[in-house]
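**Q** Residue numbers (our numbering), protein chains in the order written: chain W, 1 to 353; chain A, 1 to 353.
It cannot be assumed that every hint is accurate.
No distinction is drawn between identical chains; accordingly, a pair holds when it is met within one copy or between any pair of copies.
[As the list claims (entries may be wrong)] Computed list of lysine-lysine pairs in DSS-like fashion (alpha-carbon distance at most 27 Å, straight line):
id, residue 1, residue 2
1, K144, K13
2, K13, K172
3, K172, K116
4, K6, K144
5, K144, K130
6, K102, K116
7, K231, K116
8, K278, K313
9, K6, K231
10, K258, K48
11, K172, K6
12, K231, K13
13, K6, K103
14, K102, K6
15, K307, K278
16, K307, K26
17, K314, K26
18, K279, K313
19, K172, K144
20, K13, K102
21, K260, K48
22, K279, K349
23, K231, K258
Hint data in this document are derived by calculation from the structure and do not stem from the laboratory.
Number of protein chains: 2
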Amino acid sequence: MEPNAKLLENIRKVEPYVPGEQPQEKVIKLNTNENPYPPAPGVLEALKYLDTDRLRLYPDPASGTLVEALAEYYGVSREQVFVGVGSDDVLSMCFLTFFNSKKPILFPDITYSFYKVWAELYHIPYECPKLDEDFRIRREDYYKENGGIIFPNPNAPTAVYEDLEFIEDILKHNQEVIVIVDEAYIDFAGRSALELLNRYENLIVVQTFSKARSMAGMRIGYAISSPALIKYLDDVKYSFNSYTMNLPSLVCGTEAVKDKVYFGKTTASIIETREWAKKELSSLGFQFPDAKANFIFAAHPDYDAAKLFAALKKENIYVRYWGSERIEQYLRITVGTREEMEALFTFLKSYIR
Amino acid sequence: MEPNAKLLENIRKVEPYVPGEQPQEKVIKLNTNENPYPPAPGVLEALKYLDTDRLRLYPDPASGTLVEALAEYYGVSREQVFVGVGSDDVLSMCFLTFFNSKKPILFPDITYSFYKVWAELYHIPYECPKLDEDFRIRREDYYKENGGIIFPNPNAPTAVYEDLEFIEDILKHNQEVIVIVDEAYIDFAGRSALELLNRYENLIVVQTFSKARSMAGMRIGYAISSPALIKYLDDVKYSFNSYTMNLPSLVCGTEAVKDKVYFGKTTASIIETREWAKKELSSLGFQFPDAKANFIFAAHPDYDAAKLFAALKKENIYVRYWGSERIEQYLRITVGTREEMEALFTFLKSYIR
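For reference, chain W alone in the conformation it holds in the complex:
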């Protein structure tokens, strides 16, 4: 039953983002860019010995311990760090806080599909310059007047990484608007735009615990920027919900940041598996832009992506497929463990004769 027409009139209607499937059965899950390794051992311990009596109290609204751990890790001040419920929460808060111009914000046509969803949710005008034929961002497209810029680096779902000279060029051409670099996958790629923070007051770098830190299930993301911009973000966040980060997140997040050795080791393993997987895919005839994330965005000239996606699913191997314009022949394959990728290739070798 739909509510009466008058009631309906003032309800915000949106086309919601459709997340990747979360199958409950045992499958080889290469569809949502999760880390194949568990979180750092300290996280397990922290959770096991968490003082549950403290759960009756509100958590620290400033997320002090977690903010401090991140500030120390990245060599910035506490006033430069903002944390939220996954980078989706952080990015959404950034849209709400910083994208209030009547001019359109800019982001690539092929990119994280949530940008469009937030722009529509908050009624922010936007334009989507096209990636070039090789799925690269054309820097000149971002020189025109705009209300703000956001793009992931590496980009998703293409896995293409642009170097700091490129990022700096965009920043230089856009000093009167906020530029957000969404670095969800940076730890698998190369140098971070964090290096540019000191020189560009309009830069916001967003990262996450969901990928390289193996904690998608804990929902932690963060932004690093100047103290002034972080203050505006904090004000909006406190206006939205004072206590967004629950006690387990604060405790486990802090532990995860501390274990640099485990982080380095698991990240290196994923990169190693990715480089091997790229060779395997090439030898099977797949084509893909050079992948610098924990996934590979691949197409095969002789095999239809939709059909291959369905065939993989039948084998309980889940990858991501959108079927949308310009990328209808591409699959996004998350880099899993060596064993998971071997199972994938065993199937692909039988499929591609």
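Fit chain A to the given chain W structure using the hints.
**A** This is chain A only, laid out in the frame that chain W set:
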């Protein structure tokens, strides 16, 4: 250093909500309406044995187990339940989803101070009809044209509860707008507006795990309404952030709902302590509207509230004081354990000679 003027122009500036203090030292904490008892024992167990390997995966975006547990507990369908990161998240999403009229929304002048903050954050026009002399909502004030209605029942910080006849009267007069009854404290009070759901398609009831369920630190809130309205809320939530509820919340929240015996016992204890505390306060000359929440909103005709607040703080007894118009002589005192309240009264007896 402030960002350049051009940059500043399109930043959303808000007056953030100021949460109650969260002192880190050992104090008698009667300032943020937390439950003095720990969460149900099952919550402790659930956290201890949580499979941390699952943390590497995204949590269930639909929060299935938690939604199901709540639906069963309240005898509604799963499609009638929406969960979020504390009731603040749920309420904020409700403002964003349902309050899009050009007519002002209505809420009392003395009420949960976040309503005003959300209205300002989302640029929603609002009006605040005055509570009467006894801090009661005047129902006639809510008969006029409006863009939606929200009020807590029991109201905060007054602790005044209105019965279902009152709620139904407001609903009857406002069938073309959304009416949100914020029942954060209902378990300490009386019958819930949930009983009216079948008859009013414009009703949304919001509750929380932070008070009667002793889990402020876990950040869980929920809305119950018709499937149609919950669907609109879900669409906006999925547009904002697909995965708001982390794995520990889902696991522990589900466990907490299951333990009806513990819930009944701790809630009854708090009510018992409150009734006794009301007598003690009266005998000391305090005046207060009849308190039906887990707090008492009290003033003393002969003692200044600001001074008493400071004196209590010096003794490491924290209560809440706003000093704002009409309530500058009132303190909001959370009902703690019997022992905590005894410490409070020992001090008050020496202060009030």
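**Q** Please work out whether the CA atoms of K144 and K130 approach to 27 Å or closer within one copy, between two copies, in both situations, or in neither?
**A** Only inside one copy: K144 and K130 sit 14 Å apart there, 51 Å across copies, limit 27 Å.
**Q** Which holds for K231 with K13 at a C-alpha limit of 27 Å: within a copy, between copies, both or neither?
**A** Only across copies: K231 and K13 sit 10 Å apart there, 31 Å inside one copy, limit 27 Å.
**Q** At 27 Å max between alpha carbons, let me know whether K102 reaches K6 within a copy, between copies, both or neither.
**A** between (29 Å within a copy, 13 Å between copies)
**Q** How would you classify K172 and K6 at a CA-CA limit of 27 Å: within, between, both, or neither?
**A** between (49 Å within a copy, 15 Å between copies)
**Q** Under a CA distance limit of 27 Å, which applies to K231 and K258: within one copy, between copies, both, or neither?
**A** Within one copy, since 25 Å is at most 27 Å while 41 Å is not.
**Q** For K13 and K172, with the copy left unspecified, which applies at a CA distance of at most 27 Å: within, between, both, or neither?
**A** Answer is between; shortest inter-copy Cα gap is 25 Å, intra-copy 37 Å.
**Q** For K279 vs K349, is the C-alpha pair at or below 27 Å within one copy, between two copies, both, or neither?
**A** within (13 Å within a copy, 80 Å between copies)
**Q** Evaluate K144 and K13 at a C-alpha cut-off of 27 Å and name the case that applies: within, between, both or neither.
**A** For K144 and K13, the Cα distance is within 27 Å only across copies (26 Å; inside one copy 31 Å).
**Q** Quick one: K6 to K231, C-alpha cut-off 27 Å, is that within a copy, between copies, both, or neither?
**A** Between copies, since 17 Å is at most 27 Å while 39 Å is not.
**Q** Between the shortest in-copy and the shortest cross-copy C-alpha distance, which are at most 27 Å for K231 and K116: within, between, both, or neither?
**A** both (25 Å within a copy, 20 Å between copies)
**Q** I want to check one pair: K279 and K313. Are their C-alpha atoms no more than 27 Å apart within a copy, between two copies, both, or neither?
**A** within (23 Å within a copy, 67 Å between copies)
**Q** Are the CA atoms of K258 and K48 at most 27 Å apart within a copy, between copies, both, or neither?
**A** Both: 17 Å inside a copy, 21 Å across copies.
When held up to the earlier numbered hints, the structure conflicts with none and fits them all.
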